[in-house]
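K.L.:
The chain contents come next:
There are 4 protein chains.
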Amino acid sequence: MSSNFGTLFRVSTFGESHCKSVGVVIDGCPSGLALVESDIQTQLDRRRPGQSKITTDRKEKDQVQILSGTEHGITLGSPIALKVDNLDQRPGDYGDMESIPRPSHADYTYMAKYGIKASSGGGRSSARETIGTVSSGAVAEKLLKIKYGMEIVAWVSSVGPLEAAPVDHQTITREVVDQTDLRCPDPAIVEQMRALIMELKEGGDSTGGTVSCVLREVPGGLGEPVYEKLEAKLAQAMLAIPATKGFEIGSGFSGTRLRGSEHNDPFVLKEDGLGTVSNNSGGIQGGISNGESIYFRVAFKPPATISQPQQTADYQGSSVTLEAKGRHDPCVVPRAVSIVESMAALVMIDMAMRQEARLALRPSLQGQERP
Amino acid sequence: MSSNFGTLFRVSTFGESHCKSVGVVIDGCPSGLALVESDIQTQLDRRRPGQSKITTDRKEKDQVQILSGTEHGITLGSPIALKVDNLDQRPGDYGDMESIPRPSHADYTYMAKYGIKASSGGGRSSARETIGTVSSGAVAEKLLKIKYGMEIVAWVSSVGPLEAAPVDHQTITREVVDQTDLRCPDPAIVEQMRALIMELKEGGDSTGGTVSCVLREVPGGLGEPVYEKLEAKLAQAMLAIPATKGFEIGSGFSGTRLRGSEHNDPFVLKEDGLGTVSNNSGGIQGGISNGESIYFRVAFKPPATISQPQQTADYQGSSVTLEAKGRHDPCVVPRAVSIVESMAALVMIDMAMRQEARLALRPSLQGQERP
Amino acid sequence: MSSNFGTLFRVSTFGESHCKSVGVVIDGCPSGLALVESDIQTQLDRRRPGQSKITTDRKEKDQVQILSGTEHGITLGSPIALKVDNLDQRPGDYGDMESIPRPSHADYTYMAKYGIKASSGGGRSSARETIGTVSSGAVAEKLLKIKYGMEIVAWVSSVGPLEAAPVDHQTITREVVDQTDLRCPDPAIVEQMRALIMELKEGGDSTGGTVSCVLREVPGGLGEPVYEKLEAKLAQAMLAIPATKGFEIGSGFSGTRLRGSEHNDPFVLKEDGLGTVSNNSGGIQGGISNGESIYFRVAFKPPATISQPQQTADYQGSSVTLEAKGRHDPCVVPRAVSIVESMAALVMIDMAMRQEARLALRPSLQGQERP
Amino acid sequence: MSSNFGTLFRVSTFGESHCKSVGVVIDGCPSGLALVESDIQTQLDRRRPGQSKITTDRKEKDQVQILSGTEHGITLGSPIALKVDNLDQRPGDYGDMESIPRPSHADYTYMAKYGIKASSGGGRSSARETIGTVSSGAVAEKLLKIKYGMEIVAWVSSVGPLEAAPVDHQTITREVVDQTDLRCPDPAIVEQMRALIMELKEGGDSTGGTVSCVLREVPGGLGEPVYEKLEAKLAQAMLAIPATKGFEIGSGFSGTRLRGSEHNDPFVLKEDGLGTVSNNSGGIQGGISNGESIYFRVAFKPPATISQPQQTADYQGSSVTLEAKGRHDPCVVPRAVSIVESMAALVMIDMAMRQEARLALRPSLQGQERP
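Protein chains in written order, with the working numbering: chain A, 1 to 371; chain B, 372 to 742; chain C, 743 to 1113; chain D, 1114 to 1484.
Wrong hints could be hidden among the right ones.
Quick look at which bits of chain B chain A covers, simulated, 3 or more residues with Cβ under 8 Å [to be verified]:
#, region
1, 397 to 407
2, 411 to 420
3, 443 to 450
4, 494 to 500
5, 540 to 548
6, 606 to 617
7, 667 to 679
Treat the hints as calculated values from the structure; they're not laboratory data.
Positions of the beta carbon are idealized from the N, C-alpha and C atoms, including for glycine.
Please work from the sequences and hints to get the whole structure.
P.N.:
Next comes the structure, spelled out in structure tokens:
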């Protein structure tokens, strides 16, 4: 297990699908930040199941509580513990599901790793685990907004084979994204997406999709070459989200087909200094932000839990037909939008604080005698 | 800077393009491993420039030396320092190149981050930095081979728009990959790739490409959910390689278009236990290896350094035409193959050691009274 | 803030004196351990205030709850969150105490560091913070007991100027230590200690003391030279306990006066292999356990909070007389015994798991061809 | 092995007594620092053996080389690799010494941990390992001096039973300390110390001693409660130095005998703000620096290697008489002075950078609306 993330702004998450509570401890959040539960609840509500017909019918209220680290609504600099109680705390009864690992689910690998697994639900591999990520990401995002004016906006860019039209990275907002329950800002395709999802839901099947994300007002200089290049930490962060299978930044996979003379981003003088004409780099060069917008895309596989019968084997290897019960998302991307934003925020706050530590020493160094 | 990687098998790399030496310190390598320079040199030779006509004409011998950590050819358990001397140690003369940041290169972002940059070459953003990665990766790989019989094989799967045919993950070997200087195991396309690269080299241009990689004989149970899921660490590792823009594992981006009923990997009894019929998961479920082969693909952008004239701006924002000199790779993927393998090995050895730590405690726990 | 401890068995604690809850998340605890609240409560009860007349009169029940990480009383391998609710959750009313930093307390330094401090009580510097340490230490200790039979016993070895007689490291037990509320196993001096403490309590004063600790059945080979030598991590762990000012291991400060010929511990054949005749080394040589008992001593200063009037200055520098109110311990060492044991357990479990990771690879290495 | 230290200013040391080189990689040093070999050599020369008659007769020149991370004498922000070649690179011939673990030396524990040990000298447990610490500490110290004007001065405060008179913490300098080869600033006792050491040297024996250290011009607010309290990291750092057995800060062990009313440090207005009248706290309260001088003392045991015959056992347990050969220090404390200073500098720079990261965010937080 490694439920820790970050070097200076460190989060440590906890919780399975059916334990008492899920949550997170944030260690290293600066003091003096105004922080109350509602600052966090907004993003939690965007990831919550049962928001609309296209998600699972399970209702979870997911009300966050601040257990420590603030007083009179201001952070003290001490660890901030955040907790959401599980309303449904039923460890399973070791029924049929216990003997059959669900295909493409984590049942089998958790057994392989731990020799034991939670008796029902997904345990720690459940999407409920992301509550800790989203809660702490909301705190990170508030800091980034105040310090740099940074804006982080993600949206659904495809559902199954249905691809949304390109989005203007400079103007897209969460308000626009949230205009539909699909969280896809291309109105021309939203109804097709909804129809596909409803069809799959009725047929007991599921589909994948992609989430795109843009970060604006990112100061230049963030990222820690070589192993913690900014794109490397974003890649880790995104592939740590359940059900993800790919990450690409800037021109991504399609950029591999271009020539250098087409792909290079020439410099030009902009209002606030040097910028680039194009942005195939996705706002990062050599692992460090260049001040342009950062954008990337994340691939989500179709949810493994489907109610159609599946021919598979039980733990002993005997051939069986599995018919899963329960209420599940036919497509996770609309709910994944706030998780992608939150993971991005956790990466950025840590990188920002690490860079600030060095910048703080720079003025003193300027007066030195040089050899 | 964060030139450290790993929790138990920790590497700390150093070196710029024109300093005295580049290299790595490995902290945490188990004692008792037979290790001499030639164990490391093989992979270094595969990443070396000047190997063939399709790479840069620069010749670098890149001879590795073991400075510490072994005695009589056996590791002592103490830090292993590995060093390759730079034959070309000319810090620049602050000429023309100093005033113009090369488009899509790291000149500008290093200045933004550090307020200073190496006066010539790429400094720390140079591909010479990967010598430390490849040297330590070779040590990791040797341990993985001995302990698990693990095999790691990468190859060129595309050059610009030219895509190689699919490769059999169970049989591909380094010997097959190395049959051509392209390191692409599809003989039908190699000559087209070579022709494209030679054309670009002559025209002072460059192209991108992709490298694919498979890991065989991976034990089940490796990977540390949630933030260090196996795919998350592989994604970080790959995006830490210079010039990478994307990562996908298993079905990747194309899997997002499938339905769950198509994408799920049903279980079946295999010779050595439970396995899966298909492998869209790419050998990992819920962040943990399942014992099937792991495979992934990495996107490399076209090299930024091209000798065609480029319209851009200098640091002051004045419009200029840049004509880069020097000898550079028109396409990095053939040399990137051993870097991809090495980063994969660094991820796997650390995950393996972390899992072994817990497995070691398991037998003692089995005799407990249970509540 | 750095409320994290450990590399493989990682704890992340939280909580101030007057927030909702204090507690800890344990990341990396092996799966399969039988664990229920009562396994933890025993040590918490030993650190609890209000145990007897010699401690503070404040009553805190400190009932621990397991929020996550177990099912049916067995650990799942996922993070274990432990929480104790604060019954007294009154953030202060910014009264007189707000304007005067208490001498030798952390009020002033928390303000210097964070620009804000908890409005009453000690905030994060309160001894309530140690609840997270003791809770997680109890889990660590259970693992160490099962795997190695390791025993960790601490006791009060001095109160102010009153020094207890030497204790037999091979036979001392917690049962013996707990025979008196002083937790000092020298019956000849307990009554003098009690009399001194009661006199100080009545006079509104306090005194320091020392706690000694022995670890038995420690396997050889634990400790990570050079910066995480076993004694170095124990020293860090002990100096992280509130009010500590010193640490010595084995012969400690008095050993500096000896000659090498007197101090060296010669080897001798023992029942279970090589051992040492004397144990001035305190069970550690070169940062690594040698299989003999580990013992060390920790210095605790007199509690800073006294009710006698003190001449000091307020934050503005004006001279004032401070008369502290509230109920405080005149001497912390009897309650510190379980904290010392818990920190020792957190060090040892992490070192043990790190060593096991390497031991697991050793057999595979033995069959290698050697150069 | 854990040869890494620090979170933002991270060092990774390497090297045994008889390998090619010993050294260190510093990751995270800010860019723009003027740094040449002579900045480092001064402290290396103070730790070098063969400085005077009272140390070992071995001569080691210990010339440091900068391999990477600087250009034209200025740090680039990239990893700084520092290396000292071993002039004596003779791995042993597996002679007599191989069969007998030297009493109180690390031979036995290295075998227990690694199953192998360097065939001669101390391997990684040799004092040569401290070259990496001292080299990187010199860089840290230069930064601390420039940024804060911080001064770190250590000295020999006792040799065996001979205790130096107290030293004025506000005025002691390295120049004064270095006036004698004993590095003890109490002229009244230096000759006795020298006589004792020479007597022991001739008799083939050794003695312990203590080193004291003061840090001046430390800004308030440094230290990371709870597990990385400033005193906790200093304790870890000092106990990571070979041959150390104890650490005490401020009033230390003797302070445990005092009453709170005697021990508390009242506040008073000083020139540059609030300070304390006395300094029993040693400049730290609650794990955080308070702006007063930090002082502490470190216990060094008598060196284990003595040339007197010792009755002990070989690895098989047979009783033997060991007569060690070679040239060794009869007392390490004069050479340990620069090691203590260097470890202190490594702690302080890391704590300083971590605090600066948070301070940098504070101004932005001041304009917030508060609840």
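K.L.:
Give a verdict on every hint.
P.N.:
Verification of the hints:
For the region 397 to 407 of chain B, the stated coverage by chain A is not satisfied: 0 residues place a CB nearer than 8 Å to a CB of that chain, which falls below the threshold of 3. Counting residues of the region 411 to 420 of chain B whose beta carbon lies closer than 8 Å to any beta carbon of chain A gives 0, which falls short of the minimum of three for the stated coverage. Counting residues of the region 443 to 450 of chain B whose CB lies closer than 8 Å to any CB of chain A gives 0, which falls below the minimum of 3, so the coverage claim is violated. Under the rule that three or more residues need a Cβ within less than 8 Å of chain A, the assignment of the region 494 to 500 of chain B holds, with 3 such residues.
Under a criterion of three residues with beta carbons nearer than 8 Å to beta carbons of chain A, the stated coverage of the region 540 to 548 of chain B fails, only 0 such residues being counted. Given as covered by chain A, the region 606 to 617 of chain B passes the check, having 10 residues with a CB less than 8 Å from a CB of that chain where 3 are the minimum. Beta-carbon proximity to chain A at under 8 Å applies to 9 residues in the region 667 to 679 of chain B; the threshold of 3 is reached and the given coverage holds.
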